[in-house]
Each structure stands twice: as C-alpha cells, then as structure tokens.
Amino acid sequence: MKRDHLGVAYGALAAICYGTNPLGALHLYAAGLSPVAVLFYRFAFAVLFVLLALGVMRKSLRFPRENILPAVFLGFLFAVSSFSLFSSFLYMDAGTASTLLFVYPILVAILMHFFFREKLTAKTGFAITLSFAGVVFLTRGDGGFLSVKGILLVLLSSISYAVSIIVAARMPKPTGALKLNLYVLSCCAVFIFLFSMLLPGNSLQPLPDGMGVFWAAVLGFVPTFLSLVLTVKSLKIIGSTPTAILGALEPLTAVCIGVFVFGEKFSWRLLVGIVLILSSVVLVSLKKKRT
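In terms of the UniProt record's numbering, the sequence shown opens at residue 1 and continues consecutively.
Hints listed in this document are in silico derivations from the structure and should not be mistaken for laboratory results.
None of the values given here were measured: they were computed from a predicted structure.
Think of the CB as a built atom: it goes at the ideal place given N, C-alpha and C, for glycine as much as any other residue.
Treat the hints loosely; a few may be bogus.
What the hints assert, rightly or not - Under the rule of at most 20 Å between Cα atoms (straight-line distance), these lysine to aspartate or glutamate pairs were calculated in the EDC-like manner: (1) Lys233 / Asp4; (2) Lys123 / Asp4; (3) Lys236 / Glu66; (4) Lys236 / Glu118; (5) Lys173 / Glu66; (6) Lys236 / Asp4; (7) Lys119 / Asp4; (8) Lys179 / Glu66.
Unchecked claim - Ranges between beta-carbon positions, derived for each pair: (9) Arg269 / Ser60: 49 to 57 Å; (10) Thr121 / Leu204: 41 to 49 Å; (11) Asp209 / Arg170: 36 to 44 Å; (12) Val282 / Met197: 42 to 50 Å; (13) Lys149 / Leu52: 34 to 42 Å; (14) Arg117 / Phe214: 43 to 51 Å; (15) Ser147 / Arg58: 44 to 52 Å.
Let's have the full structure, built from the sequences with the hints guiding it.
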C-alpha cells in the first residue's frame, strides 16, 4: 500500500512540475524567441541536467540495444507533443491550452482498453468523467470562441503525449529513469532541431540575455527533467491510466500560474473545474478495499 501511495505522489508531483511550462515559455516568447527555439533550449538544458545527475551518481551511460528504437520514438512523440502545445500558446491563453491538453487521460484509457485489453473499472471511468467535466468548466470562458488552430494543435499534442505514456510503460528492457530520459531528451532535441530547418518561421535564435538563460534553464529542469523522471517512476509503480489521470494537476497548476502570476481572471467556472479535477485525483489515489 505504501508503494502505491508513493506512485501516486510521483504522478502528482510530475503533473505539477509539467504544469509550470507557461512560466518559462511566455517569458521567452516575450523576448522574441520562436516555439522551436524555446523548446530547443529547454531540451538542451534538460540533457545537461540529466548528464550532471548521472555523473554525480556515477552511473554508466550504456543503454540496452532493445530500447534504442522505442527511445527514438519517444523522443519524436515528445517533440511533436511539446511543439504543438507551445505553438498553441500563440493562439490561446497558456492556461486554457494546458487544460485542453488534459483529454490525454481519456485517450490513454481508451488506447489501453482497445489495444492492450486493460480493464476499464467503474472507478477509473468515473474519475475520467470527473476530470473531463472539470476540463469543460475550465475551458469554457465567459464569452468568445477558442481558436480552431489552437484547439487542433492541443489535440495533436494530447494524442502524442497519450501514446508516449503507453510506450514509456512498455520498454523492452528495464532501464533507470535518468538514463532513459537522457536518450529520449537527446532524441527530442535532435527532432526539434530538424523542425527548425523544416518549418517556416521557426528558426533558432540565441538567448537574448541572462534572464533568457535563466528561464530556459527553468524550462529544462522543472517541467522537463524533474517531471519526466517522476513520471517514469510513477508509471513503474501504478501504471499508465492512473498516472495519466493524476495529470489532472497539470492544468490546475497552469491555471493557478495564469491567475497568480499573469493576472488572469478567476471565475466560478475555474472554481468548479478545479474542484472536479481534484476530486478525480483523490478518487484515483484511493486503494480498492479487499473483501
């Protein structure tokens, strides 16, 4: 039981860390950087943090051959998911985009059910329903329409992220979280660099000043290095679907950042959405009683 609670804690902390994405991204956008440039520096710093951690722990960098292709695929999925999400910040509020991203637990549960025959329990189904209802309340503003392009970008991000969660939980050979993240993030940085060459208007720009370096480092550490390590640990203990549902704390974190850091309006819809999302997190963390 204690191990399950630890897995829940890892999943919750991973989601909170990932929810801090808008902090660094919006500051770097204000400095004139493109989404691709922001992401390239984010993943470059993350790789440095992982290498530093592995060096301190004196861990070998050897990686199982069986895991190379899955790691490359994970790097691609995470590059697509991150680029789509960060691009959506240009078309809608970052808090709204991060909240819309939360359809991914529903996609994870559906994919696990149809492709891996994972049982959908009544508790899981109800938790997903509560989470989705919370997302609906959070994303429906007091007027106006959301950008269709922004919604499509977030949907692409959500699908990519859902698949990456499933792939990460099924690596052919057991690998330490740090070592796995080193190779996944390195592949991700390479794909982001390729995106900068292939996608118009997304060239790599240098970091403008010391504050730019600071926010890039924050992006590389909190929502990337720390979040991914905690996610992998959570996946190994409680599995894909509970980890995905605990991600409800990610949009909650993003909304709080929007309200308290960027001065966004806190409405009754936000309050109801937050309550529903927290309820789903509590529900999924409860251990089923044995009879």
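task = Check each numbered hint from earlier against the structure, then list the numbers of those it violates in ascending order.
result = none
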